[in-house]
Every structure is written in structure tokens, then in C-alpha cells.
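Participant: Work the whole structure out from these sequences, hints included.
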Amino acid sequence: MTNTEPSAAAATSDNDRFERGLDLLRKVGGNPNPAVLDSLADIAPDLGRLTVEFGYGDILSRPGLTLPQRQLATVSALAAMGNAAPQLRFHIDGALNVGCTREEIVETLIHVSVYAGFPAALNGLTAARDVFDTRTDIPVRTESVPAPTGDRFERGSVRLSEIDGHAGEQVIASLQDIAPDLARYLLEFVFGDIYSRTGLDLKARELATVAMLTALGTAAPQLEVHIHGLLNVGGTETEVVEVITQMAGYAGFPAALNAIAVARKVFADRDSARTRA
Amino acid sequence: MTNTEPSAAAATSDNDRFERGLDLLRKVGGNPNPAVLDSLADIAPDLGRLTVEFGYGDILSRPGLTLPQRQLATVSALAAMGNAAPQLRFHIDGALNVGCTREEIVETLIHVSVYAGFPAALNGLTAARDVFDTRTDIPVRTESVPAPTGDRFERGSVRLSEIDGHAGEQVIASLQDIAPDLARYLLEFVFGDIYSRTGLDLKARELATVAMLTALGTAAPQLEVHIHGLLNVGGTETEVVEVITQMAGYAGFPAALNAIAVARKVFADRDSARTRA
Amino acid sequence: MTNTEPSAAAATSDNDRFERGLDLLRKVGGNPNPAVLDSLADIAPDLGRLTVEFGYGDILSRPGLTLPQRQLATVSALAAMGNAAPQLRFHIDGALNVGCTREEIVETLIHVSVYAGFPAALNGLTAARDVFDTRTDIPVRTESVPAPTGDRFERGSVRLSEIDGHAGEQVIASLQDIAPDLARYLLEFVFGDIYSRTGLDLKARELATVAMLTALGTAAPQLEVHIHGLLNVGGTETEVVEVITQMAGYAGFPAALNAIAVARKVFADRDSARTRA
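So the protein sequences, as listed, match chains H, P and Y.
Numbering-wise (my numbering), the first sequence opens with residue 1163 and increments by one.
Numbering-wise (my numbering), the second sequence opens with residue 1163 and increments by one.
Numbering-wise (my numbering), the third sequence opens with residue 1163 and increments by one.
If you are wondering where the hints come from, they were derived from the structure by calculation, not from laboratory data.
Keep in mind that a hint or two might mislead.
[Claimed, not checked] Covered stretches of chain Y, as calculated for chain H (at least 3 residues, CB under 8 Å):
| id | stretch |
| --- | --- |
| 1 | 1245-1257 |
| 2 | 1352-1361 |
[To be verified] Pairs of lysine to aspartate or glutamate, EDC-like flavour, derived with a Cα cap of 16 Å:
| id | chain 1 | residue 1 | chain 2 | residue 2 |
| --- | --- | --- | --- | --- |
| 3 | H | 1365 | H | 1339 |
| 4 | P | 1427 | Y | 1339 |
| 5 | Y | 1427 | H | 1339 |
| 6 | H | 1427 | P | 1339 |
Every residue gets a Cβ at the ideal spot worked out from N, C-alpha and C, and that includes glycine.
Facilitator: What follows is the structure, encoded as C-alpha cells:
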């Protein structure tokens, strides 16, 4: 058995779960003596054990998403929530440890601005800078991702249709009578500026979006649109379920359960659309 | 009249409210000169006064929950929100001052992992460690709570039925077609690991759960399940209303008002079930 | 064209947006070399550019609200979210730079206690104190706003009717069977203590309230009541749309989109009420 492709069988013993989780935590954290165990030893050693067993042995060990995909999902969710700075730094460092590049991390944090606002994105980048400063082992890129070319509005309209299809066009249409400029910003800024950037592909953006909206728990309509979006740009139902399940550990079980309810509706709607077609 | 069992009569004068609140704040804060008054004196003295009058004179002085119950509810909610570190430390210290033990506080913070994720629990424990380090007057426990024995899945199934009854089983059943492993984690981790721990009884866990879900405001379906849960494990309707009302001060009035709407539905459902029976 | 009354025309080029945004950012930040550009130069220069273009060139440049109104809305929302301390300090400083007084800022932060709890208000005031300490150019006020006089309950009842009309009375009535004391606190504390204070007029309070409830995204019923409230105390539909649109930059697009959906319902309800009348 390798650590990166563990069995997800229900029948694994607690000892297996701890050992499997500890191996994975060492890999993500880049530290043979994980700080979470040391720091909890005097006050809540059981929570350290549960973090290893559940967070790493159960959740992060699951197949269905790669470790780099999982780390970028966690980074986006923790940056969006904005209330867990130590863990955000840990998981940015962890993303580097499992093979994410600096630019993927930076692009993911720029993407956060759309779903949780600029302050969340800016504070996420401050955390990233702190981490990057400690990682002299990884070369600094100074050039930025090339800016998208052409008209922002046109470019955004194309991207919106690609990701959200008819649902995205309905959102734009529904805003025309009340806040047409917000519709314009959606096309120009969200889809024309951010989603058109080249540093992160559309599937990675939609995985981060589903992770963030699951963790925030405040935007069920948009979560529905972007579960469709993830499936529209090449994601699978398994990947949707995996990224939602992962959020149980970072934002709590209610967040995951409520997002699963949205996913169930999306999957059923697509099934029935296929049946009608 | 004693300070710990004040009248909640509506007709008390503002002066009574301030005096009653100040006595209680001194008791919770363990400081004859509360810092909240000093620190606001130069910038917003009225907010200091309102904190004492409303927060302590009105809310925390109410009968219906004990001060230790109220402090654990506040600690769980502030840890779950994760955005008020100074107040979290103050109320952990306050919990010790009104008679909570270190292990009750630690158990409450471990319980937070279920509803707000591991980062919230870990940061809560960091706050607890900071506070505990200053409290040489209270002996350090080094042994951990004995781990529950037996099969996690079996143990979790029993606990789930005990707390949530039929509603919990429906949640599990509804996940089988889409995310069966999330259902398994609910049974194994949430109910088998966390709810089966011995350091905090089920009623205290459900009080903390209702406090957290009220404060977060993002999980009405789970709030409904756990208001039932609190009533199922020995809580009263008065206690439900008290813990929700208390959250008005820590998470704002909308959070409390929306949770009361959920409680109203739960109370009515139970009334009509009793009538039918 | 002046920088403070820019055209909101859709056809402005990216270069116009950057120049217009940079002028405005310099004015708000009080710094010819905005830190957000410098600090992002090495890690995510494009996010610096997008902040200037979208945040300042598009959003904050819009007509419909004054810069002081916009800064108080941002300050209230960031304090309520409680997860972006650096930006909260920046925008408190920015509020002073565009002409808000210290007391307006303090009153706005006291108002936060109602919608996001006392911890959020207290941490907002800590941020304000930090900023004020650096602003020796602005005289310190030491006297507090005169406390409202008369009976809190009576005063609150009058204020509630003024702001929320029939809807507010329905909220109070609906609580009588389950949590009558919470109804009393709403009248006494929220409307009798806070809304009756003289340092900020009702329209400014309702603008802050709509900003906060949009940003938090957890309280649609109260957002509906307070969009009505803002319109009841002299706000316009344009101002409602503007403050909601502004939140796209501080709390993300889903927050703004979901609040616009609530506003659409409120506007339609008022239209149909007018038609019936």
C-alpha cells in the first residue's frame, strides 16, 4: 500500500487510520514530527489523534481527487472564511509540499476575490507571501501571468457560457431591471478578468469555487450554479462529492451536509435533462 | 437579591441594570475594574455602558441557564465563528472563574470541530492554552479523557439514535445514494468519536451545538435537528430559548431571531406529535 | 471630468479605469503610493491592478452614494464580518480621509453590535482606536454622544415603527409566544438604546445595516426588513442597489447577488402596495 493511494474501505482499524493519516500529514506538512501533535500534547492530545485519524487518515487519504487538488481546495476555503490564519499558512506550505506551484497558489487566491471579496484575497496573499519567504528551496517567479487580451465584456460572455451555460445567462438577464451594472461587472470582472486568466484552468477554478461556497455556507444559489459549472468544464460527480466531503473537516459537517443536498439536486436535474434529451 | 439570581423583571431601571451587570461582569471577568470599561473610556464609553447593561445586566443575568452553562455556550460560539480572539480568551477565562473545569472547556472546544471544522477547534485550543498558562491557581490535568471503547460505527449508531432519533437516521439514509462515506463519517467520527467522549455530557454538547449553529447562521436544517436533540437528551424549551437569546449579544440579533423561528417550528412539531400520540 | 464624480459609462477603457481608480485610491488611502500596489508587486501584481481597476475604478467611483457614505458602509461590513483586520483599519483611516468624523465612525461601530454582536463591535473599536492614535491631525473628542432620554421601551417602540413600520411590529408580535424577552430586548436595546442615539442619523444606520446584512449573507429575513427600513427613512432604490453592489468587492459576488434578489422582492412589494393604494 502506498500512502497516496490508500484504501478507503470502511473496515480499516483505528490503528491503520492513525498510521495512514500520520504518513500523509508528514508528507503534507513536510515535517516528521507534526506540530499539531506536539502542540496539543499538553492540552488536548485526543484532538491531535482525531485530526490525524479523521482529517488525514479518512478524508485527505481518499481517492477521487489528487493531493494538489485537495490542497488548493483547502487553501481557497480557508482564505474565503478568513478566520483561520495559522491553518491557511500551514496548507499553503502543504500545497507546495505536494507539488503545487507558487503561481497556482497565487491564482487560487486571486480567484478568492470573486467569492469572498478582495479583503479575503489580499489576506490570503499576505499569508502566501509569509510562507513563500520561508521556502528558499522553491524558485521565485517574478513575471506575472499574461493578462487576457481583447474586450473584457466579450471575453467574459464567452467564458460565462462555457462555464455556466444557460443558468449564467439567466443570472445576467435577471439583473437587467434592477442592477444592470452588477451584471456588467459579473461579465467584465468575474468572467472577463478573473476566469479568463491563464494561470489556473477552469476545472481548478470551479473546484476552488465549490470548496469556497461549501465552506461559507451562505450562497446556495451560487453553489448550485457552480456545481453545474464544475461538471460543465470536465469535473465528475465523484469530484463534486469529494471536494464537498473534504470541507467537513475544514468548515464542519453542517457545511458539507447542506452542500451535498445542493449536489443531489444538481445531479438529479442533469439526469432528468439527459432522460428528456 | 443576590447577583447570581437576579430578577429578570422588565421594569428594572437602567441603574439597576448597570449595577447588576457590573457585579456579574466582575465575577465573570475576575477583575474589580473590568477592562472593557477602561479600554472604551476614551473612544466609546457608551458602548462600555451598553455592554454592561445589556450583555451582563439583561442577558447573562437571566435565570434558565447556569453561569457555567452560559460560559460554555459563549466559548463554543466564539470558537466556531473564529473571528473574535480577544473575546474568546476572555470568556474561556470567565468560564474558569464561574466554575467550569479545564476539561469541560477543552471538551467543548473539541466538540467545535464537528460544527465549524478542525481549524476553529485548533484555534480555540490555542486560545485555551494561552489562558490556562496564566491560571496557575488551577491545577493542570495531564491525563486525557478515556477514549470510548468498542466499534466506532456501532457506538455512533447508538448515540445518533439517542440524540436525534428518527431524524438522524433519515439524514444517514438520505446520503446513501450520493455520499455514503460522509454518512459513515457522521456515524464514526461525529457520533462514534466525538459525541461518545465522556468529558462532557450529551446535554452540554447539545447546548453548545445549538449555540454554535445559532451564531453561525448558516445551517438551519442542522439547527432544527439539534434543537430536537437538546430536548431529546433532557434540555427544556426554556433552555433552548435561553441559549438562543444569549447569542443576540455574541452574534447579533438576526442570528437569534432566525434561530427562534426554527425553535418555534420544532416546538410546534413536538406539540402536534404529542397531540397525535 | 473630476475624480469624485466619474462617469460610470460601460465603455471606459481599462486605462481609464486604472487611472480613475488610482486617483480615488490615493484619496481614500491618503497616500500617493498606495501600499496595496507595493505589497502585491512581488507576489500578485495583477491583483493589485484589479483592486485598483475594479474596486476603485468601477465600484467606489460610482455615483449614487457619497464617498463618506461608502466608507461607513465598508467599515460596518468589515467590522461585522470580523475577519479582515488590516482592511478594516485601512477603511477607518479612509473614512477619516474622505471627511467622516471620528464620532460617525464610532457610532457606526457601536451600531455593529446589533447585527454582528458585541465582539464584532468591540474589535471594530479597537481597530478604530489604533487608527485614531495615528491621526494627530484630527482632534480627539472626549465627550460622548448624549444618551437618549425617557423610557427605553416607549422610545424603542416609536423608533421601530418609524423604521420598520408594520413589519417590525409583526416581528415583535411573533415572538410573544416563544421568546417575549427577546422582543423586549429588540425594543429596549436595539431600538431604544442604539437606534435612538443621536450621533448617526437613521438613514446612515440603515445604510450600514443593509451593508452588514448583505456582507454576512446569513439573514435574508432581516435584510428584507431593513431594505424596507432604508427606504422608509429617506433612502432611495438607487442607494439600496449601490450599497449592495459595493459589497461585491468586500464580501464577494454571491453576497451581492443574493441581496439583490431580496431587494427585487422588496421593490416589487412596494410597487404593488402603491398600485393597490
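Participant: Would you mind marking each hint as holding or not holding in the structure?
Facilitator: Here is how each hint holds up against the structure:
1. 1245-1257: holds (count 4)
2. 1352-1361: violated (count 0)
3. H:1365 x H:1339: Violated, at roughly 32 Å.
4. P:1427 x Y:1339: Roughly 12 Å separates the two Cα atoms, so the pair holds.
5. Y:1427 x H:1339: 12 Å, holds
6. H:1427 x P:1339: Holds, because 12 Å separates the two Cα atoms, which is no more than 16 Å.
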